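Chains as they are written, first to last, in our numbering: chain A, 209 to 686; chain B, 209 to 686; chain C, 209 to 686; chain D, 209 to 686.
Just so you know, these hints were derived from the structure itself, not from any lab.
Predicted model only: the values in this text are computed from it and were never measured.
Glycine included, C-beta positions come from ideal geometry on N, C-alpha and C.
Among these hints, one or two may not hold up.
What the hints assert, rightly or not - Okay, derived cross-link-like pairs now, PhoX-like style, lysine-lysine, Cα gap no bigger than 25 Å in a straight line:
#  : chain 1 : residue 1 : chain 2 : residue 2
1  : B       : LYS479    : B       : LYS393
2  : A       : LYS226    : A       : LYS624
3  : D       : LYS479    : C       : LYS407
4  : D       : LYS657    : D       : LYS393
5  : D       : LYS393    : D       : LYS479
6  : A       : LYS479    : B       : LYS407
7  : B       : LYS393    : B       : LYS657
8  : A       : LYS407    : B       : LYS479
9  : B       : LYS624    : B       : LYS226
10 : C       : LYS226    : C       : LYS657
11 : C       : LYS479    : D       : LYS407
12 : A       : LYS479    : A       : LYS393
13 : A       : LYS393    : C       : LYS393
14 : D       : LYS393    : B       : LYS393
15 : D       : LYS657    : D       : LYS226
16 : C       : LYS657    : C       : LYS393
17 : C       : LYS479    : C       : LYS407
18 : A       : LYS393    : A       : LYS657
Said to hold, decoys possible - Chain A regions said to be covered by chain B (calculated; three or more residues, Cβ under 8 Å):
#  : stretch
19 : 419-430
20 : 437-449
21 : 487-493
There are 4 protein chains.
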Amino acid sequence: MRNDPIELSRLSAEVEAKAPVYTELSDRIWGMPELRFAEHRSVEAQIAQLEAEGFTVTRDVAGIPTAFVAESGDGGPVIGFLGEFDALAGLSQEAGVAEPRAEVPGGSGHGCGHNLLGAGAMLAAVTARDALRTQGLPGTVRYYGCPGEEGGSGKTFMAREGVFDGLDAAVTWHPGPLNGVMSVKSLANFQVYFRFRGKASHAAGSPHLGRSALDAVELMNVGVNYLREHVPQDSRVHYAITDSGGVSPNVVQARAEVLYLIRAPRVEQAKALFDRVVECARGAAIMTGTTMTMEVDKACSETLPNTTLEMALHGNLLNIGAPAYDAADRDFAAAIKGTLSEEDVSSSLASFGAEAALGGAALHDGVLPFDGTSIIQHGSTDVGDVSQIVPTVQAWGGCWAVGTPFHTWQAVAQGKSGQAHKGMVQAAKAMAATALDAFRDPELLARAKAELTERRGGRAYECPIPAEVVAPPLRVVR
Amino acid sequence: MRNDPIELSRLSAEVEAKAPVYTELSDRIWGMPELRFAEHRSVEAQIAQLEAEGFTVTRDVAGIPTAFVAESGDGGPVIGFLGEFDALAGLSQEAGVAEPRAEVPGGSGHGCGHNLLGAGAMLAAVTARDALRTQGLPGTVRYYGCPGEEGGSGKTFMAREGVFDGLDAAVTWHPGPLNGVMSVKSLANFQVYFRFRGKASHAAGSPHLGRSALDAVELMNVGVNYLREHVPQDSRVHYAITDSGGVSPNVVQARAEVLYLIRAPRVEQAKALFDRVVECARGAAIMTGTTMTMEVDKACSETLPNTTLEMALHGNLLNIGAPAYDAADRDFAAAIKGTLSEEDVSSSLASFGAEAALGGAALHDGVLPFDGTSIIQHGSTDVGDVSQIVPTVQAWGGCWAVGTPFHTWQAVAQGKSGQAHKGMVQAAKAMAATALDAFRDPELLARAKAELTERRGGRAYECPIPAEVVAPPLRVVR
Amino acid sequence: MRNDPIELSRLSAEVEAKAPVYTELSDRIWGMPELRFAEHRSVEAQIAQLEAEGFTVTRDVAGIPTAFVAESGDGGPVIGFLGEFDALAGLSQEAGVAEPRAEVPGGSGHGCGHNLLGAGAMLAAVTARDALRTQGLPGTVRYYGCPGEEGGSGKTFMAREGVFDGLDAAVTWHPGPLNGVMSVKSLANFQVYFRFRGKASHAAGSPHLGRSALDAVELMNVGVNYLREHVPQDSRVHYAITDSGGVSPNVVQARAEVLYLIRAPRVEQAKALFDRVVECARGAAIMTGTTMTMEVDKACSETLPNTTLEMALHGNLLNIGAPAYDAADRDFAAAIKGTLSEEDVSSSLASFGAEAALGGAALHDGVLPFDGTSIIQHGSTDVGDVSQIVPTVQAWGGCWAVGTPFHTWQAVAQGKSGQAHKGMVQAAKAMAATALDAFRDPELLARAKAELTERRGGRAYECPIPAEVVAPPLRVVR
Amino acid sequence: MRNDPIELSRLSAEVEAKAPVYTELSDRIWGMPELRFAEHRSVEAQIAQLEAEGFTVTRDVAGIPTAFVAESGDGGPVIGFLGEFDALAGLSQEAGVAEPRAEVPGGSGHGCGHNLLGAGAMLAAVTARDALRTQGLPGTVRYYGCPGEEGGSGKTFMAREGVFDGLDAAVTWHPGPLNGVMSVKSLANFQVYFRFRGKASHAAGSPHLGRSALDAVELMNVGVNYLREHVPQDSRVHYAITDSGGVSPNVVQARAEVLYLIRAPRVEQAKALFDRVVECARGAAIMTGTTMTMEVDKACSETLPNTTLEMALHGNLLNIGAPAYDAADRDFAAAIKGTLSEEDVSSSLASFGAEAALGGAALHDGVLPFDGTSIIQHGSTDVGDVSQIVPTVQAWGGCWAVGTPFHTWQAVAQGKSGQAHKGMVQAAKAMAATALDAFRDPELLARAKAELTERRGGRAYECPIPAEVVAPPLRVVR
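The whole structure should be built from the sequences, with the hints applied where relevant.
Right under this line is the structure:
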């Protein structure tokens with residue numbers, strides 16, 4: 209019932225045939241890095257290509273200017289491919305060099321490989337739609353243009369508006385240093401601004417008249433650091449001081465702001481932990497005689513793995529095999545790997561559940577083993593909310609040197625490399641093949657849905673972002 | 209109208225005549241150091257002597273078993289002499305040696321010289337009463353046996369019950385390293401226990417179920433340390449952790465307690481600061497999910513100097529002169545001074561407003577200059593509450609080596625020395641002479657009372673210890 | 209080759225026959241709770257019984273007065289049974305009641321069920337020895353009397369002296385609320401005292417002259433609470449303030465002490481984390497102008513599970529089945545469970561990997577499933593060091609109501625109950641049966657040893673307790 | 209020998225005659241607020257006027273582009289007038305309105321009245337020079353154009369280069385809400401940047417690999433807040449976080465910076481306190497595994513009052529009397545005062561030693577009493593370094609409503625008001641008169657110098673700014 213070798217080989221050939229267009233698209237987006245919810249040029253480039261492929265595009269989805277849905281096909285199951293395209297601040301970096309060198313000092317860069325992510329998911333979507341047509345199968349393919357993954361939870365806002373309703377399955381991938389199934393339990397999170405207001409005063413002449421908002425931020429942080437001892441296993445809390453109240457030490461700081469990111473394995477745990485962080489903020493305000501207000505910036509749910517679809521994906525990955533990296537790829541990857549510490553590499557491998565050092569290779573020539581066991585991954589992704597609504601499956605595509613950490617200059621530098629292109633194409637093949645499995649095998653989809661129902665324990669999806677938080681955030685993106 | 213040289217000389221002779229009895233009493237009390245509100249034997253010794261001198265004694269004053277008032281005389285103005293007799297924990301020390309050597313390891317000791325204080329005030333009271341009799345003057349002398357000065361605010365409890373009402377003036381002294389008028393503005397204070405209750409839990413297995421009361425104490429303390437920047441000038445806040453919640457690190461501490469001592473120049477400032485410390489405690493409880501209760505242990509008011517009486521005392525001190533220390537006194541004092549750092553000595557001198565090094569002498573052969581300017585003294589004393597009710601005058605008696613800090617083994621070691629005895633006797637002369645000035649000069653008393661009225665700005669005395677706090681504290685003295 | 213049903217049934221009968229003697233011994237030890245390294249009476253009671261059973265006893269093992277080894281048998285493999293018998297401070301509690309009620313206020317109690325642990329391991333050892341004799345098999349049985357498990361790491365001190373060398377396998381168990389294999393990865397740990405010395409000073413009069421050791425302890429703790437964010441997953445750090453420097457707030461605290469317990473999955477991680485905690489202590493001393501010294505109290509290694517032996521144990525447990533609790537047991541267990549919160553119960557179940565609520569039963573009528581997967585257990589045990597030296601297998605015996613947390617009055621209250629006795633006897637059967645499996649199956653032992661070798665990755669055992677730390681700790685047990 | 213009434217009246221008339229030019233100059237500088245060390249236009253305006261008055265100007269004094277000295281006269285004593293002209297960031301405010309209303313949102317403003325300060329000192333200098341000429345007296349007048357007083361310590365840099373050497377006396381003033389002698393002991397200070405470098409890491413995925421520089425800043429701050437308890441009386445420490453390491457909570461902050469301002473009564477105390485703050489920084493770096501570097505930004509010495517010159521100034525002030533405020537001045541001042549809290553007003557009055565409420569008046573119609581007692585003022589000024597080198601005398605000129613705090617919109621709003629002009633002119637009269645006293649009375653200058661020598665206790669002036677710190681600071685002014 210699944211893709212036989214001949215079919216898989218035909219599908220692979222189709223992906224390869226269209227690959228140049230999509231690697232060029234990826235490179236183009238790499239070259240115009242845009243921050244969360246401001247990905248206007250990247251979105252236009254994607255839409256132009258999708259329309260050229262005959263997809264019908266709906267813009268401004270969920271009220272977000274850079275969110276869109278492209279659809280093609282006819283009846284049958286509906287399978288969505290999730291694409292991203294936002295970049296990261298401060299990560300400008302030249303491509304193809306193995307040393308940190310900003311293209312635009314202070315500029316943005318694609319440190320998470322979302323240029324590849326979007327283009328690769330599109331390539332898979334187009335190929336799957338073509339295969340449905342060729343084979344005369346019913347079925348509808350959607351490509352979701354999902355903005356603001358980096359700190360923006362674009363998909364969660366989209367989920368709140370029902371954009372993923374009606375899907376039978378969702379498929380996506382992420383560039384990384386390894387090939388394989390991405391069966392992760394990522395953490396749910398809440399991102400919240402806490403603002404304190406006090407009273408300014410001359411810090412030397414009349415400090416007793418001042419009420420320091422900076423004191424409040426610091427005491428809140430101390431309180432939260434004490435709280436760390438008493439949080440559920442695998443929780444995470446981190447913060448940045450987004451306003452220290454001014455640079456003048458001789459004025460008692462009348463205002464200050466801190467941005468908290470609070471994560472836990474399940475969204476209800478994250479909410480409970482958030483509530484306790486709020487108590488730290490309240491306590492700090494009381495201690496300092498200041499007032500506190502807060503603003504939820506965004507939130508997302510934990511990812512529910514779908515072993516059913518993951519086993520199907522894994523089969524395809526094994527059949528397709530690792531990308532065929534060439535000598536130039538290997539040389540560049542080795543140079544990049546040479547800039548990483550042993551700890552970086554082993555920590556990266558451990559995060560994939562790949563404890564062994566892969567024989568020291570600079571590129572991953574295999575496919576990660578997968579026995580249905582999911583890994584706890586301490587980051588968060590708005591794919592989580594999609595996975596709460598529809599069976600979702602994700603692949604890792606080996607686009608970077610082994611050990612390359614996310615959000616680094618090394619990731620940006622490899623963003624247009626041979627290994628990046630090959631990893632993207634290989635992932636597109638596996639995604640397209642898995643989608644076709646689902647289109648052709650109603651039983652597979654049924655089991656995937658049953659698994660989701662069981663994992664959710666009967667709870668309806670509840671979006672963690674409060675209704676009053678507007679998407680995209682009105683706050684200036686910093 | 210004031211003591212002429214002949215009279216002063218006669219009075220001095222009378223003091224000297226009775227001195228051996230009172231130095232022996234002082235030495236005896238030195239030898240049985242009793243902690244605050246438990247000074248039963250010391251009180252019996254004092255009462256026996258007072259009764260032998262014909263004083264009428266009222267025991268159990270203000271409901272405190274070791275508080276008493278002894279009275280003698282007939283009509284006229286009523287002048288009170290304030291005596292103390294409590295010792296300090298952990299200061300057991302052999303007398304007469306210039307090295308730290310506990311008599312009873314871990315035992316108590318007279319580190320504040322209250323053995324001398326009580327005996328010297330009695331000697332002055334008895335001599336003044338005798339002089340009234342001899343000279344046929346109307347007037348009543350009272351000796352107040354005031355317990356629990358060290359951390360107990362005995363006089364404040366007594367003041368709350370009206371024990372000092374009806375006095376025309378109060379006279380007292382304190383042993384120290386110098387001779388002179390003690391014209392100080394001491395700080396008002398509040399001493400309060402804060403107790404937190406949380407939830408125990410296995411600190412490794414289920415830390416998330418625990419709510420740590422020790423965390424609360426630590427966070428309260430952090431909060432208060434931040435608060436230090438924002439308190440009125442000359443305030444003081446300090447604390448001791450009186451219950452750290454157990455010595456086992458693998459149990460989340462379910463209970464903890466911290467004792468705060470909060471001081472400020474005026475009692476209303478101290479109260480306001482206390483309220484802010486309470487906010488730190490509240491904030492810490494909220495941060496940690498614990499509950500907080502508090503218990504006021506004691507409080508006292510700031511001392512109001514009385515320049516009118518102080519100028520009279522200063523005149524007497526100048527006429528009487530410094531104690532006639534002998535060579536043995538000087539040798540021992542030099543040895544003691546040799547155990548002090550230069551910083552100890554200069555800090556001690558500065559606290560008396562005696563910036564200069566007194567020529568390096570080991571004993572103070574002069575009398576501190578006094579021009580009516582009071583010194584801020586950052587400690588507290590329950591004499592403060594007496595001074596709010598009645599014009600109060602205090603002397604320093606040079607009983608210790610120059611630079612000797614209070615509450616040290618050095619102070620205990622000198623507690624029965626020649627310099628201690630001579631300093632006590634000289635102070636008794638000055639106190640008796642000043643009391644006689646007041647008995648004989650209605651105008652002096654009138655001016656002293658007018659000054660008090662002005663300093664109080666028309667406010668009635670309000671005892672800072674809440675009515676529900678029982679005297680003596682029920683809490684076990686630790 | 210393994211116990212066939214008939215043999216297992218015979219072995220069970222032998223255990224049952226001897227059970228009354230050992231449940232009585234357990235009850236007796238429950239009634240004389242002794243703290244770590246002071247278990248003199250408990251040891252005498254155990255030795256008397258072992259000698260009565262014909263074991264040869266070596267006392268004062270590893271220089272520890274309450275450590276001993278009892279041996280019986282002849283040649284063949286050597287299998288050790290590990291017994292414990294120390295109690296916990298502050299947990300005095302009446303037996304058989306479902307409310308907190310101390311027998312001796314402030315007294316000790318068997319809150320971890322070590323009365324059962326020792327007696328049960330002895331019962332297994334004796335039965336195994338008897339079976340060897342009966343069946344004419346070669347083999348030597350040892351019973352290790354291991355003191356000071358609670359915060360003392362008795363076995364680690366014993367391991368340092370080579371006491372467990374020469375064993376072919378070690379077998380033990382622990383009372384708990386459930387039945388099953390205890391296949392845990394417990395944490396390695398270090399327990400260390402940090403002491404600070406500063407300079408006393410009058411906290412109001414001359415705070416600038418003081419250097420506060422209590423400040424240093426608090427700042428070290430703040431530093432460590434910040435460090436929590438940056439430690440390896442599954443690490444734990446907790447502390448108790450063992451000397452807060454005195455209860456007097458008006459003296460700057462010249463001395464203070466804090467006791468840290470530092471844990472991590474592997475002993476080398478624990479050592480690295482310990483080093484970072486030391487940096488926090490150093491930093492705090494520098495910040496406060498105080499000096500710091502430290503003293504390692506004890507340490508232990510992580511437990512290495514042995515799946516080979518665990519699968520054998522699991523087979524035996526399944527064959528033996530759960531204890532046959534009676535109605536009285538169930539009633540008492542239900543009453544105890546009624547005193548626990550839902551969170552207590554679910555947290556307890558989760559710690560055993562038993563997510564489901566077991567149908568709400570008050571006693572565990574089954575055997576935990578086991579597929580060879582070990583659980584991370586965030587506590588520590590000195591069994592860890594034994595498991596680094598010799599293949600070690602552990603059982604859980606269902607002695608308490610479902611959800612009963614360790615180190616609670618509920619555990620003590622059930623220490624002589626029907627469920628406790630039955631759980632102990634059932635565990636003894638399983639331990640004896642597994643030991644006999646090993647005695648009879650050289651291949652099983654060989655595989656168990658090979659597994660240990662692989663898990664250790666070729667490293668030799670290195671005792672984490674520095675050589676200069678004396679066993680038992682010279683420090684007064686608090 | 210001093211100004212007789214006729215002479216004083218003549219001098220006053222001369223000041224009044226030239227006043228319009230200088231009030232216009234002051235208004236002009238008010239209208240072009242420039243921050244520290246960037247006062248180019250203000251300097252040009254001042255130099256143009258001084259050259260018009262025949263002064264010889266030396267630019268680029270001490271290597272600072274906006275520092276200059278203007279000189280006129282011939283031989284005799286040399287008396288310097290100190291002028292300032294820098295503004296404050298963030299204090300843009302419309303003139304003449306009694307509500308906060310920025311002229312340029314976010315712009316700068318003359319919140320400390322330095323537009324008046326410079327113009328008023330020039331007016332005094334010119335008048336004094338004219339009087340010397342008119343009266344045929346020998347004597348040289350200098351006007352010092354002193355940049356960067358606000359957080360820049362311009363005069364201290366100038367003092368390091370010897371610019372004030374050779375003066376016989378220095379005269380200056382400051383606008384404020386009251387008229388009188390400014391006899392203050394201001395605090396010495398050090399302003400220092402502490403920078404920490406750590407290691408970035410994904411805060412959720414691999415927090416254990418990160419070393420947080422922000423943690424280091426926070427822990428340093430906690431340490432310093434604990435240190436507050438143990439600093440000399442009247443010290444001050446305050447700080448601003450000048451780089452919080454980024455606004456992204458999901459990255460462990462690899463860099464952070466905090467700016468400390470450390471003050472104490474004497475420069476050597478400030479240096480000792482600075483050293484202890486450095487220990488807090490070092491300790492924080494050790495705690496967090498980060499590295500720390502520091503950069504001294506600036507420093508200044510405490511002000512030494514000169515009672516000799518102050519008594520002369522006071523006599524002149526009494527003779528000249530308060531400014532003749534008119535009804536419009538009083539109305540506007542009343543409106544401004546209405547925007548202040550009672551605490552603002554009483555706190556302001558207290559800082560001048562004017563405890564009484566001045567009868568509730570909105571402008572100060574008198575002259576502060578002065579008996580030679582100096583006030584501790586907890587701010588700092590680079591006039592301090594001048595006062596260490598040469599006898600220096602300062603006046604307060606009543607330019608603002610009673611209670612107006614420094615560095616507020618209220619101060620800016622009154623910067624061109626009638627009261628500001630009148631207060632400036634009256635201060636100029638008193639300064640000119642006092643300078644003439646000194647020119648004419650060698651004995652006065654001799655006594656003033658002797659007083660300085662005594663106050664300095666024989667120490668040579670040592671500039672607190674390390675030699676390697678460049679003036680003006682290279683750092684971008686923020």
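Hint check results:
A hinted pair counts as satisfied when its Cα atoms are at most 25 Å apart, and LYS479 (chain B) with LYS393 (chain B) qualifies at roughly 17 Å. Between the alpha carbons of LYS226 (chain A) and LYS624 (chain A) the distance comes to roughly 17 Å, so the proposed pair stays at or under 25 Å and holds. For the hint linking LYS479 (chain D) to LYS407 (chain C), the alpha-carbon distance of about 21 Å falls within 25 Å, and the restraint holds. Taken as a hint, the LYS657 (chain D) and LYS393 (chain D) pair is honoured in the structure, with Cα atoms around 18 Å apart against an allowance of 25 Å.
At roughly 17 Å between alpha-carbon atoms, LYS393 (chain D) and LYS479 (chain D) fall within 25 Å of each other, so this suggested pair holds. At roughly 21 Å between alpha-carbon atoms, LYS479 (chain A) and LYS407 (chain B) fall within 25 Å of each other, so this suggested pair holds. With a C-alpha separation of about 18 Å, the suggested pairing of LYS393 (chain B) with LYS657 (chain B) holds against the 25 Å cut-off. With a CA separation close to 21 Å, the supplied pair LYS407 (chain A) and LYS479 (chain B) stays within the 25 Å bound.
The suggested pairing of LYS624 (chain B) with LYS226 (chain B) holds, with an alpha-carbon distance near 17 Å, which does not exceed 25 Å. At roughly 32 Å between alpha-carbon atoms, LYS226 (chain C) and LYS657 (chain C) are farther apart than 25 Å, so this suggested pair is violated. The suggested pairing of LYS479 (chain C) with LYS407 (chain D) holds, with an alpha-carbon distance near 21 Å, which does not exceed 25 Å. Proposed proximity of LYS479 (chain A) and LYS393 (chain A) is supported: the alpha carbons are some 17 Å apart, at most 25 Å.
The suggested pairing of LYS393 (chain A) with LYS393 (chain C) holds, with an alpha-carbon distance near 22 Å, which does not exceed 25 Å. Between LYS393 (chain D) and LYS393 (chain B), the direct Cα distance comes to roughly 22 Å. Compliance with the 25 Å bound is thereby established for this hinted pair. In summary, the hint linking LYS657 (chain D) to LYS226 (chain D) is not supported, as the alpha carbons are separated by about 32 Å, beyond the 25 Å threshold. Taking the CA atoms of LYS657 (chain C) and LYS393 (chain C), the gap is about 17 Å. The hint holds against a cut of 25 Å.
Of the pairs offered as hints, the one joining LYS479 (chain C) and LYS407 (chain C) is violated, with about 31 Å between alpha carbons and a cut-off of 25 Å exceeded. At roughly 18 Å between alpha-carbon atoms, LYS393 (chain A) and LYS657 (chain A) fall within 25 Å of each other, so this suggested pair holds. For the stretch 419-430 of chain A, the stated coverage by chain B holds: 6 residues have a C-beta nearer than 8 Å to a C-beta of that chain, and at least 3 were required. Requiring three or more residues with a Cβ within less than 8 Å of a Cβ of chain B, the coverage given for the stretch 437-449 of chain A holds, as 5 such residues are present.
Coverage of a stretch by a chain is defined here by at least three residues with a beta carbon nearer than 8 Å to that chain's beta carbons; for the stretch 487-493 of chain A and chain B the count is 6, and the condition holds.
In this structure, the hints that do not hold are numbers 10, 15, 17, in rising order.
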